[in-house]
Amino acid sequence: MTPRKWKVGLGKKYLYAYTKDVYAPSPNNLEAVDLVTRLPKGAVLYKTFVHVVPAKPEGTFKLVAML
Numbered sequence: 865m866t867p868r869k870w871k872v873g874l875g876k877k878y879l880y881a882y883t884k885d886v887y888a889p890s891p892n893n894l895e896a897v898d899l900v901t902r903l904p905k906g907a908v909l910y911k912t913f914v915h916v917v918p919a920k921p922e923g924t925f926k927l928v929a930m931l
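In the working numbering, the protein residues as written are 865 to 931.
Calculated directly from the structure, the hints in this document are not laboratory data.
Heads up, a few of these hints could be off.
As the list claims (entries may be wrong) - The calculated label-pair distances, taken between Cβ atoms and stated as ranges, are:
{"id": "1", "residue 1": "V928", "residue 2": "K884", "range": "47 to 53 Å"}
{"id": "2", "residue 1": "L931", "residue 2": "V872", "range": "20 to 26 Å"}
{"id": "3", "residue 1": "P904", "residue 2": "A881", "range": "26 to 32 Å"}
{"id": "4", "residue 1": "W870", "residue 2": "L931", "range": "27 to 33 Å"}
{"id": "5", "residue 1": "E895", "residue 2": "M930", "range": "28 to 34 Å"}
{"id": "6", "residue 1": "V928", "residue 2": "K876", "range": "27 to 33 Å"}
{"id": "7", "residue 1": "K926", "residue 2": "K884", "range": "43 to 49 Å"}
A virtual CB, placed ideally from N, CA and C, is assigned to each residue, including glycine.
Model the full structure from these sequences, guided by the hints.
Shown next as structure tokens:
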């Protein structure tokens, strides 16, 4: 299991959460291998995910007529 970092916050009309996972690219991906070999020893790559949950809309609509 990879270490996961969380940051949760509350905006004006939404709830958000950031998660950061340690990222280990596939050795079959030549671009990723080139990038990793140029990083300093001990460097860690993170993959960031952003989750946003909008607030529920308030009941501002009214039923005018039933067809």
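Now for the hints, and whether the structure bears them out:
1. V928 to K884: 47 to 53 Å: 48 Å, holds
2. L931 to V872: 20 to 26 Å: 44 Å, violated
3. P904 to A881: 26 to 32 Å: 30 Å, holds
4. W870 to L931: 27 to 33 Å: With Cβ atoms ~48 Å apart, the hint is violated.
5. E895 to M930: 28 to 34 Å: 59 Å, violated
6. V928 to K876: 27 to 33 Å: 30 Å, holds
7. K926 to K884: 43 to 49 Å: Holds, at about 44 Å.
The structure fails hints 2, 4 and 5 (numbered hints given earlier, in ascending order).
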